[in-house]
Structures are given as C-alpha cells and as structure tokens.
Amino acid sequence: MADTSTVTEKGSSLWRDAWLRLRKNKVAVVSGVVLIVMFLLCFVAAWFTGDPNEQNLANKFAAVGSSSGNTLHLLGTDQMGRDLLSRILFGGQVSLLVGLIATSVAFVIGISYGAISGYTGGRTDAIMMRAVDTLYAIPFLVLVILLQEVISGSASEVATWLVKHWKFPDETTHRLANILPLFMAIGALGWLTLARITRSQILSLKQQEFAQAAISLGLSPSRILFRHLIPNTLGPAIVYVTLTIPSFIMYEATLSFLGLGIKAPNSSWGVLIKDGANYMETQPMLLILPGLFFTTTLFALNFLGDGLRDALDPKAAKD
Amino acid sequence: MIGFIFRRILQGLLVLFVLYTLSFFLIKALPGDAFTTEKAMSPEAKEEQMKRFGLDKPWRIQYGLRLQRLLLQQDLGISPKKNRKVSLILQQSFPASVVLGLNALLVACVIGIPLGVFSAVRKNTWVDYASMGFAMIGICVAAFIIGPLLQTQVAMRLPAFKVAGWDNPVDWILPAITLGLAPAAYLARLTRGGMLEVLGQDFVRTAQAKGVPALTVITRHTLRGGLIPSVAYLGPAFAYLISGSFVVETIFQIPGMGRHFIDATIDRDEDLLLGCVLYYGFLIVILNLVSDIIQAYLNPRLRDSL
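First to last, the sequence lines map onto chains F and W.
Following the working numbering, the numbering of the first sequence begins with 7 at its first residue and continues without gaps.
Following the working numbering, the numbering of the second sequence begins with 21 at its first residue and continues without gaps.
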C-alpha cells in the first residue's frame, strides 16, 4: 500500500516520511547533534586550540586541566608535551574525512552498482560481479602502498601549487595530500561489500509482489529501481555503512602501524589511540581520551544509523 | 546448479587472469626494482642479477614470459629477494594463516551470530544495547590494541598462554580472538539488521499468529533470511581472514603469509606479490561462489540467479 500512495500523493516522499519519523526518534536526534558538534569541534574549534605539533619536553604528560605558562592544557599533554586536545581535534579532521569519504563512496557507488547488477541480471550481472571479485582480490593495504608510491609525489606538488597560487592553508593542504592515497584506495575498494549485499537484496526483492506489480505496470527500470527497490535495501545498507566507517578509520591507523599512513608529527584518532596504547599502563589518559572521542563518534553514528534504518523502513506504518 | 558452478568457475579463471595482469602492471608502475634497497650491490652485479631473473627485458616481454611460465609449467617463479621459489614460500606460510583464519572465523561466528540474533529478538532492551555496545567495542578497538592487551593481561598472567609463537594449538587462541573480534562485531550488526528485516515481514507474523513457538519462528522462519547479509559479508571476509593478517602475525610472531603481501610490495618482489595475489584471488573467487550458493540455499527467491 505504501508504494501506491507515494506514487499518487504529492509531497509524501520516502525521504519526507523518513525525516518526520527520524525527528521523533530522540536517540537518533541526539546522535545527529553529537555528530554535528563533533564536526564543528574538529573543523572549526580546532583552530582555536593552538598548534597540535608544538612540543614542550619540559611539560610531558601534564595532567588534564593543567596549564603551563599561560596556555591551558584542557586535556593535558602527551609524551612530547604537545597539547592533547589540539592533537585530538586536528586528528579528528583526518578521521572524520576518512569516514565521510568511505560513506559517500560506499553509498553512491556500492548501492547503485549492486542494484543495477542485481536488477539487470544475466550476463551484465555476471560481468559486473566478477569485476567486483577482481577488485576484491587486490588487497587493501597493498593498493594503498602502491597508490602512495605512485601518486604521493604528484599529490604534494599539487598541494604546493594550490598553496602558492590559491592561498590554500599550507599545513592542512599538505596533510590532506599526504593521505590522498588512502582516500583513493577507499574510493576504489570501499564499496565492494555493499555492492554484494545490495545485489543479493535486490535479487530477492525483485521477485516480490510489489516489484512484479511495478514491472507489469510498465514503469521504467530506473523508476522501479530507485523508487521501489532501493528504498527497501537501505536498511541493511545503512547498518553496513555505519560498520565500514570505523573500520576505515582504523585502517588508517593500521597504515600508520606499518609506517605508511599519515606522517608524524601529524596525527589522526587512530594514530593517537595507537600511540596511547604504548603508555597504557602508566598514562592511561593518552589512550582513553582519544578513544573517547572516537567511540563517542562511532556510537553516535551507530545510533543515527539505527534510527535511519527504522525511519527508512518502507514497511513501517505511516502516521 | 552444476551449470551455474561451471560457469562461475570459468568466470573465476577470467577474474584471476585480469587480476594477474592488473597486479603486474601496478607493481611495474612503481619506481625502483627488487635490488634498489641493496645499497652494497655494484652496478655490474645488479645488472647480472636483473638478467638472471629476467628483469632486464621490456615489460610486455616479461609479462608474456611470466604468463607462459605460469600456464605451461605452473611455475610462479623465484623471489629475487628471498632467493627461493615463490611456490615454496607460499606452501610454507599458508598453513599457519589458514589455521589462524579458520579459528578467527570460528570466534567471529560463535560470538557474532548469537549476539545479533539475541539483540534483534530483544530489540531496544538492555540485551540489545549490551550486545551492540560489545559489537561497537569490537569494531572500534583495532588488532594492534587488542593484541598487546591480550599479551599483557592474559598471556603474561596465565602460564598456559604464550606471549608469542606458534607451536601448539593453545597458541592459536589469543591470535584468533585478536583477529576474530572485528568480524564478530560485523556479524552481530549484520545479523541483527537482517533479522529485524525478516521479523517485520508478513509470513513471520502469520507464523506467530498461528501459534508457532517463538523459538521455532526464529530458527525455522527468520534465521534463514536473516542470515543473508551476514553470508554475503562472510564470503570475502573469510578469504581475507585466511590469507593472513600482517598486524596479527607481527604481534604474535606467526609464520603466516600476511607479511609476504606487505614485504613483497615494499621490496618490489614482483613474483612473490603476484603469487600472493593469485592465491588471495583464488580464495575470493571460490569463497564468493560458496557464499552465493549458501545465500540461494537460505533464500529460495535467490535461486533464479543460479
């Protein structure tokens, strides 16, 4: 029933319904707000916290809330006397960007690719899915290393050019150019599993009555796909994407574990957590505080994802 | 069914061929060669070595010769860096990786699937929140934190466990937990999502209305469909787990093949990398096929695609 009403009634689109339902879900709303605050902290407030790479070896492992001279270290300092809050917020820029890119790529490419493959079926499906298999077999870390070697030189040239001619902020641009290979690898491989999941969903959905009805009504394939089938696959897709984001953020940290990720002294949440783990026993705050930012973001993402899943469920009753 | 498997295997061979070609040109595109890092080597000696391994010829000839050797003699070549046959290196390192991967998979399924089922059935209760909280921790905490944590907190306190090494089955436990926790979390989340999707469907409501016991509704009616997203995930995840994890192998000093992937890339050890990629690609092809068959078994609607 829900489908016929979306076709005939005006202004009652899937997204509008979802938005109305999402607004009623308190946990999801709070999570959304937390995420927005986290973004603002990392991309706006970070610039007011001072230089994340400024060392002060006389003031190592300063306690939370202590101050040295006239600078306040709200979250203390790390093993090199650097302000931890500033490092966490600047590190968050990298981690949140990784997460954002992973999500967008997975969503846009993964869902459309899997849906088209599953819906078309036959030879097209076979070719498309074997292409996915091929990409799967390229190990993620190896691809990052390859991309790093191939493009990091030209990436830093482009960054220098942008700084020179377009007055891009020097450090940020270079830092981003630094992790460009990682972004590209995510772009190349981040959508594969979602494509597989979406495809198998579509294969099952297109056999169901509402899809058969849409087909026999003579609707165009793109309308059937994007209006009728894909909305039904969004639930599992969102669940999967909320899972991918942390794993890509941690991939970035794994690369640093191998000495291939973001270069010191720059940091990311993954790197901070990894470094903090070295001082687990004596200075637990170095692990706990970055971990807290990381987990808060992930929990918020997770609850927002669950809220979205419920809100986007086309089978849920309409108010 | 037989025709489907046959077709997929043929397609799989094509996948492996494309993969081989792609990887060959990718690694050739990298600056440097297998002997770049050996500073002590004189140019003459290097030239001789390059000649010995056939690295002095143009790319397309190297590619042709390699492919010929692979297809006609089933020979993966010799690693110039380790000076051993690639097939020998892989033979010696894959058993450890497979054992580790299988155990990690066991950990993942035993923890992940029940957690997902429980939290879906008890949606929005403390059971749900606790399981999903646990799952989130599994996702957030990377192997390089769990590994050292298990080493310091478990291995150093309990005499049964060793901090590192790979000698008897007890040594499998800690690395398997380290490697399996993240996929366990994935499985828990995916199973929960899949179960919720099915639990909302009419046939489940019909079964409940008929008075079918709750447990039967879950095991007979819901679980089959609810596991589909997990099975789709498990195909590639399984391949990933048994092809070796660099991080876990490094932490626990396991003689697996994960490090060959990384070493071969960094060393420009082309034959070794191509060998690893082929092995991994083979696993992907087979396991994705198995995963697709299981999905069709679980959901009759998917059988048309076979």
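Since the hints were derived computationally from the structure, they do not count as laboratory data.
A hint or two may mislead.
Taking lysine-lysine pairs in the DSSO-like style, the calculated list, with each CA pair at most 30 Å apart, reads [claimed, not checked]:
id, chain 1, residue 1, chain 2, residue 2
1, W, K105, W, K77
2, W, K143, W, K101
3, W, K143, F, K269
4, W, K77, W, K101
5, W, K143, F, K30
6, W, K101, W, K48
7, W, K102, W, K66
8, W, K143, W, K102
9, W, K143, W, K182
10, F, K32, F, K173
11, F, K269, W, K105
12, W, K143, F, K32
Evaluation of the provided hints:
{"no.": "1", "hint": "W:K105 with W:K77", "verdict": "21 Å, holds"}
{"no.": "2", "hint": "W:K143 with W:K101", "verdict": "55 Å, violated"}
{"no.": "3", "hint": "W:K143 with F:K269", "verdict": "43 Å, violated"}
{"no.": "4", "hint": "W:K77 with W:K101", "verdict": "18 Å, holds"}
{"no.": "5", "hint": "W:K143 with F:K30", "verdict": "18 Å, holds"}
{"no.": "6", "hint": "W:K101 with W:K48", "verdict": "16 Å, holds"}
{"no.": "7", "hint": "W:K102 with W:K66", "verdict": "15 Å, holds"}
{"no.": "8", "hint": "W:K143 with W:K102", "verdict": "54 Å, violated"}
{"no.": "9", "hint": "W:K143 with W:K182", "verdict": "40 Å, violated"}
{"no.": "10", "hint": "F:K32 with F:K173", "verdict": "43 Å, violated"}
{"no.": "11", "hint": "F:K269 with W:K105", "verdict": "35 Å, violated"}
{"no.": "12", "hint": "W:K143 with F:K32", "verdict": "16 Å, holds"}
In this structure, the hints that do not hold are numbers 2, 3, 8, 9, 10 and 11, in rising order.
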